[in-house]
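Here is what each chain is made of, one letter per residue.
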Amino acid sequence: MSTTNGMIGKSVKRVEDKRFITGKGRYTDDIVLPLQTHASFVRSPYAHANISGIDLEVAKTMPGVIAIYTGADVAAINGVPCGWQVNFKNGDTMKEPKHPLLADGKVRHVGDPIVVVIAETAALAKDAAQMVMVDYEELPVVINAAEAVKTGAPLVHEDVPNNICYDWALGNPIAEVDQAMEEAAHITTLEFVNQRLVANPIEPRSYNAFYDEANEKYTLYTSTQSPHLIRLLLSTFVLGIPEHKLRIVGPDVGGGFGSKGDHYAEEAVLTWASKNINRPVKWTAERSESFISDVHGRDHVTKAEMGFDAEGKILALRVKTYANLGAYLGTFGPAVPTYLYGTLMQGLYTTPKINVDVTGVFTNTTTVDAYRGAGRPEATYLLERLMDLAALEMGKDPAALRMKNFVPPFDGVNQPGYQTQVALLYDSGNYQGVLEKGLKMLGYEDFRRKQLESAQNGTLLGVGFSTYIEACGLAPSALAGALGARAGLYEMGQVRVQPTGKVSVYTGSHAHGQGHETTFAQIVASKLGIPIADIEIVHGDSDSMAFGMGTYGSRSLAVGGTAIVKSIEKIIEKGKKIAAHRLEANADDLEFDQGKFTVKGTDKSISFGDVALTAYVPHIYPADLEPGLDFTSFYDPANFTYPFGCHIAVVEVEKDTGKVALQRFIAVDDVGNIINPMIVEGQIHGGVAQGIGQALFEGAEYDSNGQLTNATYMDYCMPRADDFPMFETANQITPCPHNPLGVKGAGEAGTIGSTPAVVNAVINALWSGGHQVKDIRMPLTSERVWRAMQAPVNE
Amino acid sequence: MQLTGKQVLNAAPAQVWEKLMDIDTLARIMPGVSSLEQIGENSFVSTLQIKLGPVNGSFSGNMQLEDITEEKNFTLKVQQSSKVGNANAAVKVNLLPVDDNHTEVSFDGDARLSGILAGMGQRVIGGVANTLTKQFFTNLEKELAQSAS
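Chains as they are written, first to last, in my numbering: chain A, 1 to 795; chain Z, 796 to 944.
Read the hints as simulated data drawn from the structure, not as lab findings. All C-beta atoms, glycine included, are put in the ideal place defined by N, C-alpha and C. It cannot be assumed that every hint is accurate.
Straight-line C-alpha distance at most 27 Å; calculated DSS-like pairs for lysine-lysine [said to hold, decoys possible]: (1) LYS878(Z) <-> LYS126(A); (2) LYS60(A) <-> LYS878(Z); (3) LYS596(A) <-> LYS10(A); (4) LYS846(Z) <-> LYS106(A); (5) LYS929(Z) <-> LYS126(A).
In silico negatives: residues of chain A with every beta carbon more than 12 Å from chain Z [as the list claims (entries may be wrong)]: (6) ALA72; (7) LYS126; (8) LEU625; (9) ASP715.
One side only, chain Z facing chain A, incomplete, derived with CB under 10 Å [claimed, not checked]: (10) LYS878; (11) GLY880; (12) LEU908; (13) SER909; (14) GLY910; (15) ILE911.
Put together the whole structure using the sequences plus the hints.
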């Protein structure tokens, strides 16, 4: 099959950007339905409290109020379900307390919804909601995961002892790892916090639900990453309505970063209420609500130890993590700190013995779930911090230490994939390659010379490395099922050729900023030899497409794109039969190239458009062939894909203030084959910005009462463009051997690789001035860095 | 949130004490108080109007004076609720004679904020608290000056 019209590998401008940058995007909040009503949620101001009374009398009399519902009204409805199951080490299933749609007499985090008020306008609903009087009896609060497991800690759920959702381990038996550690010449130990982050997509969550009485059918417009997943969970697991009587539409969605991958209580409440009041109900989060009710990310407390032999070869890795899951389980919540974290502990290294032990913990905080990278940034942070710190402690070069421990190059075709100690089989890799390229871009030797000179002048210059790997293209269903996923993780792609040769593609991969409408169109244009203008990519409507598992885990191109390719192959195969009949030739003698079916070695040909028309106007047509040209394919990947790369940060730390100036940031990413280099670069830039955001700026701070103290943009520091130097990006291409596009995924790479590079650079800068600091808690604010420098100096 | 402050006032401890224990004076000198009504011995219901950055908050709730040691110290307990969140505070107020005509008034306490109030800008709220403290002392000084004249 040909890919010759040059559309693959070309930086085609994003077709969706015209509507986005001209304000013509259509987001959920833009959708106004006839007889529209609006909802406002009364949320808990306390992190943990019994509700001793709810007084609705005044609120009911407020202007424009249509209905008010409390937890009692929805008590008979199932709670919000969890999509993944993680087992205790002893085989017991995880603790999965009910997550009620509205609080059931008890609130468990600030922002927990208690009452919904529905009124004629959003302002009237909000006014009335403020008149709802809730009486609370405050209860003791637990915030920190490592504290929550201690005896006597307050219980978030009475029936979950020690707040432990699960304890889980992966890798080699701990005794073997302990033994290997015994034999180590050097052990680097790091105790650290991977702090909690708020996703902050630019579009707040928004839902609009209505019930069509005539057809007994519900519709929910929702700012989600996964329309079909929401349909499955909402219809079957929550409301118990037949799946075919619920339509989910995810229109334009302004970013998700994982936080819109969850099924939220508000979606269910609105859908349920829309039937009760027989009018459409809309709710759009205010930013202050987003901060306390969107799922958060990260929040690990970890002790990690890496043992080395005298030459610097890694012998063993031992990890203990307390993962904060928040008050309730998110859709992917339990899986993020286990299957997406523990499985990445091999990194790029040949570490022979690994044991990772994770305790998932409930606390009186907002639910923690996937946030760009989801588990993999936490794993990468751990490994890459250890590597740079070990190099400093052992007096070795951090780049050379990595080279010594890298898994040697393998393409997954001529050389087999690499089996890790932690359940994964890497597909293909050339880890030396990305590091060498990064060092070259940096000008490593010159930099070290400059660093030495600077140190003599009292300037603290530092370089930090991060060589990461991620498991993307989620996921082979059989493996995911074995790991505890309660769904398959394939994707659907339908290619419908219209009678005039125009093509509509229906994909289960939802787009919320990734540029699918361009990248997918490039694939179709290339494979069918038609212009991009003749192709429409349709996504996000459960009534339009057969199915879809949604967008997360850098899976859209590798899994969703491949499903489209499979349908294109079927289109061409059928097209050949139609063309052969028209050309009075044998289908096997035909080739398809540049949008034409040609009898090999002749000038006899028929265009793709003609074949399409023939398929729908089958006057001259094979007797044994159905009319039409429309195929649907499901693709279940054979393996995860494993993008990898090398990120390098150069910083200068101001001695007197601790201020960190990021001078250079180099990202060499290997995401397999690239369809649109501009979009890949854009994804890397955005991801790197978010990763540096974690290192230097962001962090959700709870006080001891469980109040999120920085729940506004005045206090939660989002990175801005002027915080960064121009990123220096490059690619290496090691194709994925197990999907036809050879692609691996690029959506999360930047976030996964960048954070430890920056922190390592700051630590390195401090060591260059004699401050032998092991760790500074992120974000590395001037104050924290300055305090770290006040420790005694080792000359 | 920690609440601390101190100021030396041009009055003897007995005079300062008298002002602080008088409900009408208190209603005048406490910033933002729109009503203060005694409902029992040393307990009051109050309405406050306080502007916190972008949020204009109307608070209502109770206040109590506890652990009273005549002319020396007392604890002010405040429970206020509003549409933007709730505030609970316990503040110990100390009077220390500097000399016959001067008293150092200091306070030390903790305020627990919840709801939007807690999430929006502790720095803003800290600044507001400082401003309110300053206003309180300025008002108290005025009251003392007026009674002296």
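inquiry  = When the structure is checked against the list of hints, which entries are broken? Sort them ascending.
reply    = Those not satisfied are hints 4, 5, 7, 9.
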